Structures are given as structure tokens and as C-alpha cells.
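Here's the letter readout for the chains.
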Amino acid sequence: MMEVISGGALNLIQDMGRNGYMNQGISRGGAMDMLALSLANVLVGNQPDTAAIEINIFPFRVKFEEDVWFACTGGNSAIMLDDESVSVWWRKQAKAGQTLVIERPRQGMRAYLAVRSGINVPPVLGSASTDLKCEIGGLSGRALKRGDKLTAREIHLWKRASLGIIPAPVPDFWRELSARTVTVKVLPAAEFSEFTAEALENFTRTAYAVTPQSSRLGYRLSGAALLKSRDLELLSHGIVPGTIQVPPDGQPIVQLADANTCGGYPKIATIIESELWKVAQCPPGCQLRFELVSIDAALHHLHEFHSQQTLLIHNLHLYS
Amino acid sequence: MQTVPNVSDMNICTGDDFVINHAGAGGLLFDAARGKYQSDIQNRIWLLAVMLEERKTTLPVREVITGVNNLLITFDPLHLTPLQAEEELIRHWNQTRGKTLPGRDVSLPVIYGGEARKDLAQMSVETALSIERIIELHSEAVYTVACLGSMPGFAYMTGLPPELARPRLASPRMGIPKGSVIIGGEQTGVMPCTAPSGWHLLGSTTADMFNANAASPCLLRPGDRVHFEVEGIDL
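As given, the protein sequences belong to chains A and B, one line each in that order. At position 100 of the first sequence (counting the first as 1) the number is 100 in this note's numbering, and the numbers step up by one without a gap. At position 22 of the second sequence (counting the first as 1) the number is 342 in this note's numbering, and the numbers step up by one without a gap.
Chain B extracted, bound-state conformation (with noise of 0.2 Å):
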């Protein structure tokens, strides 16, 4: 009969202001979160894996993911030990103080309404304000790609005026298009292909965030801000 172990000899690393856990023998997890999402955190987190993304090159790192207020990493525990692996990441994080990431702009054109029309409509109602208005504050915000996930060049993007923050729906609806402009929670975000989702939508674009074939395959990185402009409006 095996016995838990406490959790005093699980080796998880504390510092001041982070958790590491082992995610597998090959993977760490970095986690600065102090509850709700923090953009200074953020913006740490960025320069850490542009930091650890450089040492791909002399270490081997295989993959390097933002999240959200955290970061994982995975590397070859056959020749990078994982107790070799935290002091990396501590040594880079320290580096993160003070520093902050360019990012790029980048606008995408919009069309509200369309297919979303409906989704439009119905968030008018419930926010009690006018489509005009709900149009005029998400065109007009810049937003920051927190993080990409969940699908292949899904940008989560936050920066959404709280007024427009929406609960997501308590089930997914299947085939939400691509390109379609969406907001679940606080965030805001572009369908990188037609597949379900439970966010609300708002309407469409025609920019391709995600092409396996280009050298950078996704259009947004973590770090940029992004302005979506009022293309048209089909109400």
C-alpha cells in the first residue's frame, strides 16, 4: 500500500511573488497570479518567454506557453534536469524586473453586425445600451493580447470596457464562423477558424489569424495591442 505523500516533499519551488509546480517530469509550471489577472504581471510574464524562447537555441526547451499571469515550460528531463529548469526560470524572471515589452499595433477592419446581428440585439437588451454605443465602445478601446490558446491563433485579449464584460454561455453553440468578433467574460477575441464557442458575437473580420503555411503562422502575438476598426456596420 502506497501512502500520500505530504506536501512538504512534493518539491515545489515558492518564491516571493511566484509557485512552481512540476507539470510531468519534463514540464514546469510558473505561476505569478495573485488572483485576478494583473497586466504588470503580464507584461513580465511576455519578457520571460521571450527570454526562454532565446534559450531554445543553447537549451533544450521544447515548449515555452503563456498563460494567464503564468508560463509553462517543457524541455527534455533527460538532459535538463527540472531542479536545472526552476533556476532557470527564476534567474530569467529576476531579469523581467522593471523591463517592459515593446508590442506591436496592429488594427483589424470589422463589420458589425452580419451573422451577428442577433447576438447584438440581444446584448443591447441586456446591457441597456444602444447597438451604436455598444459598437462605439468596442471599436474604440485598444486591447493587449494576453495570451494565444485554446484554438490555433486564438488571441485572448483584454482590455474589454467593463460595460460590455458578458457572462459566457452556459453551453458552447457549434460552428460560430471564422473571423467572427467575440466576447466571453471580460475578454474580447477573432474565431481563428469555424468551431464552437460559447462567446457572444459582435461581427466579423476578414483577417486571417491563423495560416499554417506562413513562417509565423499566427497573426497576433502575446504583448500586442490591437485596435479594431469600424469597417462597416449590417444591422
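In isolation and in its complexed conformation, chain A is listed as follows (with noise of 0.2 Å):
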């Protein structure tokens, strides 16, 4: 179906990851920005959850082999299909022949292109994402290179219009993205109370930056040293994508989708789930602000994205 023509070892075959895993010691993987991965797979007809590529090294170029459908969203690029420019967050088919060239994102950090039916790659434990660590998943647990050759699920006619959508809180973010400073919401985690009455202060009234040592794994932030009232031993628990963790220098980490599944350092908040995809677009260089919320408050953020998802994808099917 098409062909990677550009390398960059950092190319990954993702969806949304692996449920049920971590207790063996398995992340849970899939795509850093789940919306923009989901809404790429439903602009071609796939379910939200199909096997996509997220892009980390740009520019990424690939060739068709034959009519296809694709998306790119995530990131705000530059698209080239031959010599015709295509929007970002758009449906569009490719004619066998004509190469697709994905810039480097002048507002964010990743994109994600689908394709109609989804790439074909065999799951492993579930999921076709990408697990690096393991060497499991996409395509045979490594991430793409020049000359890998990708086939679709499925090729069958497909006769749509294209079609562009923007997911309502995308615009607002990239203007956060412009001016160098994205708000999160964080909820208070286990070791909260035992950080300083300064410490606390500079974690909601200070930005953190998101230093060049950032990856899947996680992002290591830099800013006003967090420190706690007394000397804590731990011992080695479950951690999710958005806890935040202080090690002993006081410079937070952020764990994100290839975490390790257990850790023992303190955790001062946890990103809200509905809030990831945005710290998966964050360069380094970019400042991140936390916003303290009550559970209620989160747990009505995520019912307010869920249902913009839902309407939009509802949307969309009107369109298709």
C-alpha cells in the first residue's frame, strides 16, 4: 500500500495501547496523543482505536502504492501530497504514485497518519502498538525505517469527499503552544501532604519546563526545586501515564504511555487523563503550568472531552 521513504529510528506503528498488561510488567503503550490518533483513524471510517502511525522524526515521507485514503492530525504541519498542499486535521484520497511529505509541526510535537482500514500488522497481546522495551508490537517490535513497505487491512472502494474537522479545544492549545506555556489539570497524589507549604506554592504558581531529556517514557521537567518536609522510603508501586514524581533533587517527572509499570519516587499529582494529549505535544523548551482541581472537577472535564468526541465522531458519520 505504501512505502517509508525517510528514516528516523523514532517512527512507531501505534493505537491506543495495551489493557491489562501492566501486572506482568507490560506498559500500556499506544499513541502519546490519543484524540488526535483517534479522530485521524475516524476522519478515514476506522474505529479510533485502529493501528496508525505516530510520527516523532520529521520530515516523514512515504509513497503510495495505490489509491489510498489517509489523515494526518496531531501537530500543526506543513503537508505535501506531490506538489499540492493538504491541511492538517484533513481526509484526503492519494493516487497511487504520489509521495506524502509530513513537516516538522510548527505548533506541537507529533502527528499521526491513518489509513482507511487501519495498517495491517498482527497484535501482540492485544495491541498493535509499538513496545520498543519489549520488542513487541507494530512492526516486528521496531520502529519503521526507509524502505519498510506497509500493507492496509483491507482495500475496498471507499467513495467520500474529503473533509477536515478541528476538534474544538486544538485551536486554544496551539495558541498556549505559541506563547510557550500549556496549562494542565492535576490531581493531588498520594504524597501531596508531604511536600512544603513553598514547595506546593511553586508547583501551582510556578512553570516547569520540559527539558530536551523527554521521551514516551516520560518528560523530565525543570523549575523551582519541589521539596518535602521529611525523608520518605516507598515502597515500589503502580504507577499510571501522567503521574508526576519528585526524586530527591526535587526536579518532577512526568511518566507518559512507555512508563515503567512500577516505581518507588514520591508523586506529588497525576496529569488528568483528558489532559495527556496535550503534554504529548509539548516541545522542549515549553513551560507547564499545573492547575490543582478537585476529583469533581476532573471527572467533569473528562465527561465534557468525551462527549466533544462523541459529537464530533457523530458528526462526522452525517458527513461520511
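Misleading hints may appear alongside valid ones.
Straight-line alpha carbon distances no greater than 25 Å define the calculated PhoX-like cross-link-like pairs of lysine-lysine that follow [to be verified]:
(1) A:Lys133 / B:Lys356
(2) A:Lys63 / A:Lys149
(3) A:Lys228 / B:Lys498
Beyond 10 Å from chain B on every Cβ pair, some chain A residues (computed) [to be verified]:
(4) Met1
(5) Phe58
(6) Gln107
(7) Leu139
(8) Arg146
(9) Gly164
(10) Ala224
(11) His237
(12) Pro284
(13) Gly285
(14) Tyr319
Calculated directly from the structure, the hints in this document are not laboratory data. Quick caveat: nothing in here was measured; it's all calculated off a predicted structure. In this text, a Cβ means the ideal position worked out from N, Cα and C, and glycines have one as well.
Two chains, two separate frames, one set of hints: put the complex together.
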């Protein structure tokens, strides 16, 4: 269906990750930006959890070997199909022989390329997502490389018009990215009250910069040190993507999709699930601000986020 | 300007012998730890994990992660509120009282030494025990799998004879080979894949700790009793 014609060791086949294997030490994995992945899929008529490509290294180039419907979402990239410009968050049919080039996003960090019916790779432990640590999922458990030929799960006629969407929170988020400061909602975590009043003040009122030591495993942040009121020895415990850990040096680490399933550092807060897509798009140098919310406010945000997406998916079906 | 909420409005649930905290909107960390590791608490944690795994058929529970004297669950918060999940945790925790998990006995053949001979020699100097004595102590003890984590199929095993406890290296070494039998702190384990580790090497086993294509990908489960059997010594 298409051939990868650019290198880059971090372009990965991803879906929404593995469910139910964290108790065996296997990370959830999956797309860092689940909003972008699911809507790229919906644009081309797939289920939201279908295997697509998460692009972390740019420019990304593929050559289509047959007529293929595709959609590219995520960061605000310039996209060219041969010499024709294509909008991001837009579906279009490529013709056999055409080359698609996705440039580094002006706002954001990652792009998602979905194709009609999904990329055909065998699921491992219930998911197509590439886990580089376990070397499972995706294409033989590894990142895509030049010369890889990918096939779609099935090719059949699909007659649709080109169409684009912009999910409600995305334009505001891109404005935040342009101003280089992104605010995310967090819930207090188990050791929240072990931190000094000054640390909690710093955590909620000052910004923390994403450092270059950031990957799909997690982001190391840099800012005012977060100190605890006493020394704390914790036994190993499960951690979820979004957990903000604080090692002894006081500089926080946000655990993300490929994080270890267990850890031992104190946790000050957890970024709520409906905000993780934003974190996924924050490049090094971007400032993160943490807005502490109650569990009720977090649940409300989650409901809103979910119903916005449901409505968008419903409207897309009406136009399809 | 937002204000920092009081600890009292953080919706922490504290019981007689546990504390529950949020781990995101769709996660709860149930912590029964009282300072140091206790095996009786761990036994109840395993039982709690088994019960909650069974509830997955009727409840939107996603992950049940056994920790050391604690347990983390994740769930779909749009279909199970954190409060309902909390009630499930407490109800099942109370049912674990006075019960024990049978656990299985698993033997792992080990060739002591080999690529580990330098570490063994170093350990012998630092512990003032002969290499033969180290091997004897390590292979005669019965270990218990406290939990799995860190790497796919990596089992944290308790029951290491105290004489063999070794602090972890200040920084991990790269490329510790798959199958390495290792010691870190008061625990022992087996490398399920080649990866960095700050633990000390004793030998290696041919047992496959993790196979993604198997119905149950990990060889060991929490609660299993592990016996390391001397298959050979290569010094």
C-alpha cells in the first residue's frame, strides 16, 4: 500500500495501547496523543483504536503504491502530497505513485497518519502498538525505517469527499503552544501533603520547563525544586501515565505512555487523563503550568472532553 | 489565582489498615504498607488482586497492578466513579482477612558463575563468604514473588538470606544479559530480557521469564514460591 522513504528511528505504529498487562510489567504504550490518533482514524472511517503511524521524527515521507484514503492529525504540520498542499486534520485520497511529506509541526511535537482500514500488523497482547522495550507489536517490535512496505488491512472502494475537522480544544491549545506555556489540570497524588508549603506554592504557581531529556517514557521537567518536609522511603507501587514523580533532587518527572509500570519515587500529582494529549504535544523548552483541581472538577472535564469527541464522531458519520 | 487546597478536601480515604489516594481520575492507589515490607500484608494484597481481576468481567476495571504492600487499579471513570471503585477496594480488602493464596512452586535451573564470575568474586570479598557458601545460601533459600514490574516478566522476589543483601550500584550497568540471576537490596530476580540494571550478577538460567506469544506471557505470578536449583557452577 505504501513505502516509507524517510529514516528516523522513532516513527512507530501505534493504537490506543495494551489493556490489562501492566501487572506483568508491560507498559500501556499506545499513542501519546490519543485525541489525534482516534480522530485521524475516524476521519478515514476506522474505529478510533485502529493501528496508525505516530510520527516523532520529521520530515516523514511515504510513497503510496495504490489509491489510499489518509488523514494526518496531531501537531500543526505543513503537509504536501506531491506538489499539492494538504491541511492537517483533513482526509484526502492519495493516488498510486504520489508521495506524502509531513513536516515538523509549527505547533506540537507529533503527527499521526491514519489510512483507510488501518495498517496491517498482527496484534500482540491485544494491541498493534510498538513497544520498543519489549520489542513487541508494530512492525516486528521496531520503529519504521526507510524501505519498509506497509499494507492496509483491506482495500475496498470507499467513495467519500475530502473533509476536515478541528476538535474544539485544539485551536486554543495551539495558541498556548505559540506562547510556549501550557496549563494542564492535575489531581493531588498520594504524597502531595508530604511536600512543604513552599513546594506546593511553587508547584501550582510557577511553570516547569520540558527538558530535552524527554521521550515517550516520560518528560523530565526543570523549575523551582519541590522539597518534602521529611525523608520518605516508599515501597514499589504501580504508576499510571500522567503521574508526576519527584526524585530527591526536587525536579519533577512526568511519566507517560511507555513508562515503567512500577516505581518508587514520591508522587506529588497526576495529570488528568483528558489533558495527556496536550502534554504529548509539548516540545522541549515549553513551560508547563499545573492547575490543581478537585476530583469532581476532573470528572467533569473528562465527561466534557468525552462528549465533545462523541459529538464530533457523530457529526463526521453524518457527513460520510 | 488558584489556592492550594487543604489536605482535607483531597478526598483521601483512610481506613484502619490502609490509605487510598487518587492516581488520576480513573485510578486509585490502595496502600496497606506500614514502613517495612510485611509478608502477611502482601498475601492479602495478592488475594485482593485475584478478586479484583475476577471483577473485570462485570466492572470497567482496566488494570490491577500488584505493588509491594500496595495495589493500584485503573478503571473507566465515565462508567465507574472513583467512589464506587473505592467501595469495591474496601469491600474486597475486608474479605481477604484470614485467607491465604495457595501459590505455586516453580524451580529455575541456574548455572552460577559464567559471565557472573567477576561479580561473585567481588561479592565474596565484600561479604567475607566463600563463593561456594554464597551459592549454597542463594540456592537453598525459598523465594516468594512479591510482584512483577519494571520490565515485562521481571519478578521481585523476597526471601533473600540477609547475608546476601547487597546495595544496588550507584548507576546501572548497560546490557545485563537475559536470564541473569541477580541480587539487589534484599531481593533477587531474573532478567527477562537484556537491559540495564544496577543489581549484582550471580549466574544465569535458561528459563524463559517472558514470552509475548504465550497465553500467559510471564512465567511467574505474584505469590509463587521460587527455588533456584544448581545446574552447574562455572568459575
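Minimum Cβ distance from Arg146 (chain A) to chain B greater than 10 Å, as the annotation requires: holds (26 Å)
Within 25 Å, alpha carbon to alpha carbon, are Lys228 (chain A) and Lys498 (chain B)? violated (38 Å)
Would you say Gly285 (chain A) is clear of chain B, with no C-beta pair closer than or equal to 10 Å? holds (25 Å)
Non-interface claim for Gly164 (chain A) versus chain B (Cβ beyond 10 Å): At about 28 Å from chain B, Gly164 (chain A) clears the 10 Å cut-off, so the statement holds.
Separation of Pro284 (chain A) from chain B, once the least beta-carbon distance is taken, above 10 Å: holds (23 Å)
Holds or violated: is the Cβ of Phe58 (chain A) farther than 10 Å from all Cβ atoms of chain B? About 29 Å separates Phe58 (chain A) from the closest Cβ of chain B, which puts it past 10 Å; holds.
Is the nearest Cβ of chain B still more than 10 Å from the Cβ of Tyr319 (chain A)? holds (26 Å)
Nearest-CB test (10 Å) between chain B and Met1 (chain A): holds (26 Å)
Since Leu139 (chain A) was said not to touch the interface, does its Cβ keep a gap of more than 10 Å from each Cβ of chain B? Leu139 (chain A) is indeed farther than 10 Å from all Cβ atoms of chain B, at 15 Å.
Given as non-interface: Gln107 (chain A), which should sit over 10 Å from chain B by C-beta: Given that every Cβ of chain B is farther than 10 Å from that of Gln107 (chain A), nearest at about 26 Å, it holds.
A cut-off of 10 Å on Cβ-Cβ distance, and His237 (chain A) was said to be off the interface with chain B. Does that hold? Non-interface label fails for His237 (chain A): nearest chain B Cβ at 4 Å, not farther than 10 Å.
Within a Cα-Cα threshold of 25 Å, do Lys63 (chain A) and Lys149 (chain A) meet the stated pairing? holds (9 Å)
Of the numbered hints stated above, those contradicted by the structure are hints 1, 3, 11, listed in ascending order.
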